[in-house]
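There are 2 protein chains.
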Amino acid sequence: MLFPFSLRIFRSLSAAVVVLAGGSAALIFAAGGDESSQAQIAYPAGYRQWVHVKSGIIGSEFPMEPERGIHHVYANQTALTGFESGTFEDGSVLVYDLVSLSEKGGISTEGARRRIDVMVKDSKLYADNGGWRFGRFMADDHEHNIMTPDLHQVCFQCHEKQKAHGFVFSEFRK
Amino acid sequence: MLFPFSLRIFRSLSAAVVVLAGGSAALIFAAGGDESSQAQIAYPAGYRQWVHVKSGIIGSEFPMEPERGIHHVYANQTALTGFESGTFEDGSVLVYDLVSLSEKGGISTEGARRRIDVMVKDSKLYADNGGWRFGRFMADDHEHNIMTPDLHQVCFQCHEKQKAHGFVFSEFRK
Chain A
1 MLFPFSLRIF RSLSAAVVVL AGGSAALIFA AGGDESSQAQ IAYPAGYRQW
51 VHVKSGIIGS EFPMEPERGI HHVYANQTAL TGFESGTFED GSVLVYDLVS
101 LSEKGGISTE GARRRIDVMV KDSKLYADNG GWRFGRFMAD DHEHNIMTPD
151 LHQVCFQCHE KQKAHGFVFS EFRK
Chain B
1001 MLFPFSLRIF RSLSAAVVVL AGGSAALIFA AGGDESSQAQ IAYPAGYRQW
1051 VHVKSGIIGS EFPMEPERGI HHVYANQTAL TGFESGTFED GSVLVYDLVS
1101 LSEKGGISTE GARRRIDVMV KDSKLYADNG GWRFGRFMAD DHEHNIMTPD
1151 LHQVCFQCHE KQKAHGFVFS EFRK
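Top to bottom, those sequences are chains A and B. Here the first sequence stands for residues 1 to 174, where the numbers follow my numbering. Here the second sequence stands for residues 1001 to 1174, where the numbers follow my numbering.
Please keep in mind that the hints were generated in silico from the structure rather than gathered at the bench. Glycine included, each C-beta is placed from N, C-alpha and C at the ideal position. You may find that some hints are simply not true.
[What the hints assert, rightly or not] Short, incomplete list of chain A residues facing chain B, as computed with Cβ under 8 Å: (1) H72; (2) G105; (3) S108.
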């Protein structure tokens, strides 16, 4: 969940493929340049109507300011089945939605979106990363996946600790 | 959102009616005794897979301890349409899910459920309350709606301030 200090917009998009994942469509771009070896994922349209997995708060005591706020995790139907079965099938998509908070009189309310992080499962396309590919979109920008190879490595190295749980940290809060 | 200081379990349930509300079923009981004039609502089964409307946090500075925690609002499909159209049709169900929080190192995580509050819209059955009926289920108890006439009055008197917004406080966070 580290913040990217250099924002890079992927160009040279060479192809777009729509993957139907349990009724939800995840648009995947095959990127050119340094990222040509792996497809870049596009904005997960409609995720706010997916199932809400859990939430958490990163407060003012946490040293990294860009991580602060309230976050919600959403799952498409394929990923939701993964929480139940323990296996995330191809087509699983998870979204980490980070929203700013403002406090008054002990009550904190949601404000603007800070960013979303996305995880898409394709065991063949992303075989080198446990079958997952990560993406990041700042604020309400739906167009520019700012994931870089370095940041992707940081994401994966942390999620790799959760290999026994399909590389996923969250558990579904019943 | 006031806490009921006397917990009363409704008995003498005389009838149960299943209302199909936009694909989601809200079970309604016609209660006997003092509450015989209005049907009591039952636990909104499956609401955790409904759409997540918004969240908020009531922290340690807030004077009423039973209200503290993180809360999430969920809407069934009929209520979701209401957020878009501005009119909550009969069959709309909203759930206020209050969950305890524990903090460590600036990171707050969700714990046990404290209670859920439920709003069900039926403009004929609940005509005296703007078409809404409120219910409350403590912790993970799915069986006992502990709403009392006094608490219901408190709920409605507050929600009445939102008459211009269909008696609903929440707005859908996009």
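Notebook entry, point to check: Holds or violated: S108/A as interface residue toward chain B, Cβ cutoff 8 Å?
Noted result: The hint holds - S108/A has a Cβ within 8 Å of chain B, the shortest such distance being about 4 Å.
Checklist line | Restraint outcome when H72/A is required to lie within 8 Å of chain B by C-beta distance | finding: Holds: closest Cβ of chain B sits about 7 Å from H72/A, inside 8 Å.
Note to self: A closest beta-carbon separation below 8 Å is what the hint needs, so does G105/A meet it against chain B?
What the structure shows: holds, 7 Å
Violation of the numbered hints given earlier is absent; every hint is satisfied by the structure.
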